[in-house]
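Enquirer: Read top to bottom, the protein sequences are chains Z, D and Y.
Position in the first sequence counted from 1, then plus 372, gives you this note's numbering.
Position in the second sequence counted from 1, then plus 313, gives you this note's numbering.
Position in the third sequence counted from 1, then plus 1462, gives you this note's numbering.
Possibly wrong hints are sitting among the right ones.
[What the hints assert, rightly or not] As a list, the in silico DSBU-like pairs of lysine-lysine whose alpha-carbon atoms are at most 30 Å apart:
no., chain 1, residue 1, chain 2, residue 2
1, Z, Lys538, Z, Lys728
2, D, Lys534, Z, Lys818
3, Y, Lys1549, Y, Lys1538
4, D, Lys469, Z, Lys749
5, D, Lys469, Y, Lys1552
6, Z, Lys544, Z, Lys568
[Claimed, not checked] Part of the chain D face toward chain Z, derived, beta carbon under 10 Å:
no., residue
7, Lys391
8, Leu401
9, His405
10, Val412
11, Ile420
12, Ile421
13, Lys422
14, Arg433
15, Glu434
16, Arg446
17, Thr452
18, Met462
19, Ile529
20, Thr563
21, Gly569
22, Glu573
Everything labelled a hint here was simulated from the structure, so no lab data went into it.
Using N, Cα and C, we set each Cβ at its ideal position, and we do this for glycine too.
Given next are the chains, with one letter for each unit.
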Amino acid sequence: MKTNKNTIYDIAIIGAGVSGCMIAREMSMFDLNICVLDKAYDVSSGASKANSAIVHAGYDPIPGTLKSKLNARGAKLMKTAVKELEVEYKVLPSLVLAYDEEQMNTVLALKERADDNGVSVKTISREEVLTIEPMLNPDVVGALYADSAIVCPYGLTIAAAENAAKNGVEFKLGYEVSRIETHESLFIINDDIKTKYIINAAGVNSAEIASLIGDLSFSITPRRGEYMIYDKQNLCVNSVLFTVPTKLGKGVLITPSVSGNMLVGPNAQVVQSECDIQTTSEGQNFVFENAKRIIPSLTKRGIIREFAGIRATPSGDDFIIRFSEISSKFLHVAGIESPGLASSPAVAEYVLELLKNSGLRTIPKKSSTRYRKQIRKISEATAEEAAEMIAENPLYSHVICRCETISEAEIVEAIHRPIGARSVDAVKFRTRAGMGRCQGGFCSPKVAEILSRELNIPLSEVTQFGGNSKILCKKQ
Amino acid sequence: MNLNKSLVVVGGGPAGLAAAIAAKENGINDVIILERGSCLGGILNQCIHSGFGLHAFGEELTGPEYAGRYEEKAEKLKVDYLTDTMVLSVSHDKTVIAVSKEKGLLIIKAEAVVLATGCRERTRGAINIPGTRPAGVFTAGTAQYYINMIGNHVGKKAVILGSGDIGLIMARRLMLEGAKVEMVLELLPYSNGLGRNIAQCLEDFDIPLMLSHTVIGVSGKERLEGVTIAKVDDRLLPIPGTEQFIECDTLLLSVGLIPENEIATGAGVELSPITGGAVVNENLETNIEGVFACGNALHVHDLVDYVSDEAARAGKSAAAYLNGDKKESSQYKTIITKNGVRYCVPQKIGTLTPEIPLFFRVATPSQGSTILIYADGNVVYKKREAYLTPSEMQMVKLSDETCKKLNEAKEITVELNTK
Amino acid sequence: MNEKMMTCIVCPRGCRMKVTFEGDKMLSCTGNFCKRGADYARAEIAFPVRVLTSTVTINSYEVPRLPVKTSAPIPKDKLFEAMEKLKTLKVSVPVKHSDIIFSDFISKGVNLISCRSVNS
Chain Z
373 MKTNKNTIYD
383 IAIIGAGVSG
393 CMIAREMSMF
403 DLNICVLDKA
413 YDVSSGASKA
423 NSAIVHAGYD
433 PIPGTLKSKL
443 NARGAKLMKT
453 AVKELEVEYK
463 VLPSLVLAYD
473 EEQMNTVLAL
483 KERADDNGVS
493 VKTISREEVL
503 TIEPMLNPDV
513 VGALYADSAI
523 VCPYGLTIAA
533 AENAAKNGVE
543 FKLGYEVSRI
553 ETHESLFIIN
563 DDIKTKYIIN
573 AAGVNSAEIA
583 SLIGDLSFSI
593 TPRRGEYMIY
603 DKQNLCVNSV
613 LFTVPTKLGK
623 GVLITPSVSG
633 NMLVGPNAQV
643 VQSECDIQTT
653 SEGQNFVFEN
663 AKRIIPSLTK
673 RGIIREFAGI
683 RATPSGDDFI
693 IRFSEISSKF
703 LHVAGIESPG
713 LASSPAVAEY
723 VLELLKNSGL
733 RTIPKKSSTR
743 YRKQIRKISE
753 ATAEEAAEMI
763 AENPLYSHVI
773 CRCETISEAE
783 IVEAIHRPIG
793 ARSVDAVKFR
803 TRAGMGRCQG
813 GFCSPKVAEI
823 LSRELNIPLS
833 EVTQFGGNSK
843 ILCKKQ
Chain D
314 MNLNKSLVVV
324 GGGPAGLAAA
334 IAAKENGIND
344 VIILERGSCL
354 GGILNQCIHS
364 GFGLHAFGEE
374 LTGPEYAGRY
384 EEKAEKLKVD
394 YLTDTMVLSV
404 SHDKTVIAVS
414 KEKGLLIIKA
424 EAVVLATGCR
434 ERTRGAINIP
444 GTRPAGVFTA
454 GTAQYYINMI
464 GNHVGKKAVI
474 LGSGDIGLIM
484 ARRLMLEGAK
494 VEMVLELLPY
504 SNGLGRNIAQ
514 CLEDFDIPLM
524 LSHTVIGVSG
534 KERLEGVTIA
544 KVDDRLLPIP
554 GTEQFIECDT
564 LLLSVGLIPE
574 NEIATGAGVE
584 LSPITGGAVV
594 NENLETNIEG
604 VFACGNALHV
614 HDLVDYVSDE
624 AARAGKSAAA
634 YLNGDKKESS
644 QYKTIITKNG
654 VRYCVPQKIG
664 TLTPEIPLFF
674 RVATPSQGST
684 ILIYADGNVV
694 YKKREAYLTP
704 SEMQMVKLSD
714 ETCKKLNEAK
724 EITVELNTK
Chain Y
1463 MNEKMMTCIV
1473 CPRGCRMKVT
1483 FEGDKMLSCT
1493 GNFCKRGADY
1503 ARAEIAFPVR
1513 VLTSTVTINS
1523 YEVPRLPVKT
1533 SAPIPKDKLF
1543 EAMEKLKTLK
1553 VSVPVKHSDI
1563 IFSDFISKGV
1573 NLISCRSVNS
């Protein structure tokens, strides 16, 4: 879609996280002029890239809330979405583990809640738990069992964004919204972007964005969660393992990731700023000690990376998906903390419904597609497929990331896709180059060199994740 | 492309080169080196400083010069090799699958394989340094690549964590390249680097070496803005109140090396949890018949000269294997290490000869300790060492007579007497 | 008379030596394992020198940098001057290892030599 200074967008979505991108994708099926704005330099730069990556079954939310409705619906829609978008997704059980009678009572209460939410779960015995998870603390007395799933959260976000971009949605990254003016039936963002609707999917900044039109109806508390990732060799669980909330700790879980690593975390620490995504020794120790309660033999050997993400905890307990009381064309999609990832396809569906009901004309766009192809991976190819891929594109035979076996072809493609990678991290999140055990020690200079070549910029201008995160410095 | 080869050497660094050369010299003509980098020599290409080759050649060479000597020899012997070739897997039956920039997909049916895959650096994640994740935090080797291989600058003001030789060498490099190195930090109360490197890399440039110090925080949103350092106690834990903020735009980590054995694991090779490398016998053969391991993939060495020497033995063993000299694995007995001896390579032996050295490392530094080797509880080797440190690999070569005693024994033990 | 502790850099042994000296003249040296230690100490007191290794630009497809070293030690206080000089050098292929890249580099009789061969 050709746009210029005078373009009037139908919808401007603020925030390119999983909610914003899934909404953009959903709305891109219609003949609408849409843009997505994010102050970060890539999509999926906030909570969407740093979370537990679980498609929660939906037993947990309080029945009757928007959360409960969208979680169960989202988990169902996710199965289709990951197929259409070719996103890594894996069905596996989730267990809420109880270590004494009191905790087992909590498990039973969760079972009741699940029934109310219409989500099928069952309680299982100690023996059944230990059959599924032999490495588990043998003190376990039973568990809540649910059919659950894991998904690559940034993979989903990037895929939805690519799909939306292919359908004509415009992405403006590194674009900070600092002013919104209302003129008759239009919003003007930063004196620059004119739009009929605004969708506020700004995550942890959504209250701040709301305040730009004088809407102070909710607040958001940034809560940091720290995680650690284990090498694939150290994966020792087959399911998502939750503990029952106790006085000592709650929320630390152990789960496989779709790539076969093991993810451990998070803690929950209220922080002052959304930028505060540092890891701390206290947080890491808390996570490790709690994880050790689940798997006593766990050691720190095999950890390849730590990270922290910020969850946007809203002032109420529920998702805030409604039009602003100040403006009937300003739609909040805020406070989407867990199970926001699982809910995201349903959030998009719900937003579409709200917009339709508000009078937005939605004429299906013939040229739009719901399908998006993943970058083909040499590591997942059979010998015959690999030979064929290499014959078609010789760069497939040049392996750049040795830990994850990522070829130059995949990296080059990540750079030239819609919303192409512009930094070493952007390549990493699209291809997994640098996500392995050497953490980019060997491949990051090669990736930087490829970025420099493909984007025709000096190597000294290549960044880790955009902005001023330059990897090298100019020669003195 | 499908090929049949007598011997595939995985890795064209110093270990792979020496192994392939030795195999060729011992009558194996059909040998090929598969190297993932764009040229042979491996990591030596970026080690432009001198200090290599004193044992092998009796002179001090730079890394590229040392590699060059072996490349020339390989060239002369017409050792076949492919660069930009990544081995994806080696199966139990020694089928090697690789992708090559030049040849595409390769499926090689090998009769024997030498694994010379080298090692990788420990990262920030492995040592869990808290803080933000800005650009400007490098492993020493990555920075070395940027500077020495492609001529770039990594930063203006640097702090280096880790005083092993790589950390020290990089401190000097950064200074020569015009950056300022604020300090080199060492978690332990002693440096693991050579005294001469402390002298010529740090003292020459007035760089302070801060022992018993570590980095406890990384600051900066986009590019590194500084690190918080602290003194550590004797349990290596940061001492509250000793924190200090050091402004810098670069942090280099030189905090250890880990053998790379993903291909070995895929082939079913048994690994030692202590060395991170394969468990081998005196022929450097792994538990998989006809699969050999050597160099830093087997265990991390201090000196490339020893890597070459060890790898040549692996190549020679592979040649002997291919020439029909096979042994029953039941003949091997495990060498027991205790009392301050962390590991011994080889881990198991059948028939030891005087040419085969035992390599081992001690657990803690000590003065005046005695290395003891027992055959069924009787001391067969004894040597007092003025100074032993974990950073220095110990090499013991045994006499004919001692080897004989060990070969006859049921139980072999290596230990340290610190009294 | 002055006294100073020194680590010999001649070989990896790294002898810790106690050196006494008067001005730039060494009087005594103890702690050295071999003669080279005393020679090093004497030079270190009078006129410290170091071998420099670095890289220079090369017009090659294979590698962007050519590793080089000085054929003999150069004055320690001229290391940075030498580094500046290296920035001005551009080497053309082909080059063989041990080729002289620059004669009388920094010191008379010291050559800058290539540490590897680059063909194209």
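Enquirer: Checking each numbered hint in turn, tell me which of them this model violates, lowest number first.
Expert: Per hint list: 4, 7, 9, 12, 13, 21 violated.
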